[in-house]
Amino acid sequence: MKQFLLDGQPVPFEDGQSILEAARQAGHYIPSLCWHKDFPAHGSCKLCIVKAAGRHVSACATPAKEGWEVESATPEMNGERRALLQMLFVEGNHFCPSCEKSGNCELQALGYEYEMLTSRFRHFYPDRPVDASHPDVLLDFNRCIFCELCVRASRDVDGKAVFALTGRGINKHLVVNAESGRLGDTDFSKNDLAARICPVGVILHKGPGFAVPIGERTYDGQTIREQKLKEES
Amino acid sequence: MSAVPAPTRKLRVATTSLAGCFGCHMSFLDIDEHLFELVELIEFDRSPLTDIKEVGPCDIGLIEGGVCNAENVHVLRAFRRQCKTLIALGACAVNGGLPAQRNHLSLSECLREVYQFRPGLENGQIPNDPELPLPLDKVRPIHEVVRIDYFLPGCPPSGPAIWKFLTDLIAGRTPRLTGGLLHYD
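Those protein sequence lines, which keep their order, are chains A and B.
Under the working numbering, residues 1 to 233 are what the first sequence spells out, in order.
Under the working numbering, residues 1 to 185 are what the second sequence spells out, in order.
Looking at chain B on its own, in the form it has when it is part of the complex (with noise of 0.2 angstroms):
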């Protein structure tokens, strides 16, 4: 992989899991020892990564994870609202992933079922606190709240697309996945 050029700052770069499982996160960290010449390159905003709480204005912002309830849709369009390239990353953000499978079942059937009926409960109710953000009847692709600058396929990505993908950002290039760096599985 050829090196990449010192932009003439620091790019700052957001990264955030919606309906996610955190396997791009982790896939993000399997770049390994390319971490090093990372950080010498950007510096993290809000991310899983780091203590920071809410998003500030950003070069870059990483999206893992489709839409499935009203805070996710919150971050989204905050994650928009400062980053200058917002990335949708992974099959959940891209198409809604596996989590939009259950965009064929009943939400409620689907919270009674679990809450109410499972096997094991003693007086089971579906949790009701405001404090817990309402799940969206329907699990959705980030693109279809909000606009969505590039996408990077992958259930998860794998390191070497990720890291692909941000060293042809960085450098000014249009991002490309060739030689079976693409992959939807």
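Isolated chain A, as found in the complex (with noise of 0.2 angstroms):
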């Protein structure tokens, strides 16, 4: 079988599969925030990126390829996802202490695992109006990562189409495909898909909230990296 060599560890794969898939299915982790195993790649949260053949390329998009020497967990790669991960912070309203997401949040747990103690950056502060106009779940625009992964499993999962990304550059944002643009105004259920894969606190589900006690959250008893690993396995 074809190898590859990550960080000096060797990871067979397959033809056409990705770095980051041969990776994780050897056991081994490359973080992310916008791959899923279930969908094509997106490459927009670039938190996989890694060193191959002396270039930074994102993990996820970039096929595997036969004596490649990787490089991963290096000081040089993980500098740049704090850096990723900063940015992400400040773009966003991103107050953990009183979002319900805490402690089962991928952008948070990323950035406890890369020791980010600031964001650092100038904060944005956006102003996107919450939409609480559905039933059972209510949407905070103003922590979306762009990660696509809701409009990717309404379209191509529930088969509703319920959201897209819209905008371009800082302007760029996450809307409800309806002609009042709430999500009241969908055919979205609670039980769809979209509403259990966003990675942060965007799509919360009313009803009781902070209902598992702190300790036992996610992300509380281990890393990202420990849970990721075990999902895949």
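Everything labelled a hint here was simulated from the structure, so no lab data went into it.
Predicted model, so just to flag it, every value in this text is computed and none were measured.
There are no misleading hints in this set.
Simulated DEER-style distance windows between Cβ atoms:
{"hint": "1", "chain 1": "A", "residue 1": "71", "chain 2": "B", "residue 2": "132", "range": "55 to 61 angstroms"}
{"hint": "2", "chain 1": "A", "residue 1": "39", "chain 2": "B", "residue 2": "52", "range": "56 to 62 angstroms"}
{"hint": "3", "chain 1": "A", "residue 1": "7", "chain 2": "B", "residue 2": "172", "range": "28 to 34 angstroms"}
From the three backbone atoms N, C-alpha and C, an ideal C-beta is built for every residue, glycine too.
Since each chain comes alone in its own frame, lean on the hints to assemble the complex.
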């Protein structure tokens, strides 16, 4: 079987597999936010950045090549990841102390994984109103990281195409595909895959909140590295 | 926790709360009996825990809270001038925190809502005495006003996190939060 080296460890792969896919399959963790094993690579979050053949590439979108020496868990790559996380934090309103997703949030857990102590840059403080029009689900657009997982899940799995990204540059934002732009005016259901797939705190279920005690949330007792490897093994 | 070697002289530490809730100071006190070890190593300068009115030359300054009014800016700049090492303590100092959720509201509308239109107020008006510091139009993290040397996130950071951080710093190590001591909530 063909293989490449990831931080010196041999990783077997099949033709057409990405570096990320092959690594995760072999039990090696490369971080990601927008990647999902059931969907094609998206390539927006860039957290899976690795150094291959001397270049910085997205591991999710780069096919593995025989004999490559890939660097991932190096100070250089982890520093890039920390900077990317800091950019995501200042772009949105990530006030973890009042967010219901805290402790279960992939963005936050990656902040811990890469020992991000500050978001360093100037904060944008975006102002996008909450959509609470749906009976079961509310949307806080100021936490969106534009991974398009809800867009893809709703369109490709749920068959509803409830969400879309629109706008350019820093004005890019998540919208609801309804004449009114409101979630309550779509056929969105809390049982849709799209209602469960958000890695951060945009798509929240109404009803009892903060139900899981501190200490028992997803990333309280284990790191995102441990959780993701467990999910995929 | 390993014992900290005593420095040749006591380090001087100042603390303050800007747009904070004093929760980070309470969490600081949550180091409990380590406080007795700590006072062997440090002495306090200006702090809500002492009676000193102006910050003097210090080794370490701990800042809780973001910057929300003019007085906060003056205090923060004084701390930066006097402290060799300045630390952002807690979520508010690090990124503005929950008070920064007012940033998408108009400041004048906020003030009118509270001081003029709140039900039950008679002849309400926005306080205008020059003794009162004017609020800034937005709440800011302290690193957007002065240079900050270290960041200790958490709302609040736990007592053990603050103790680990301070003992690292006093012992001359780069502070590092691992094993669940790092959190933002």
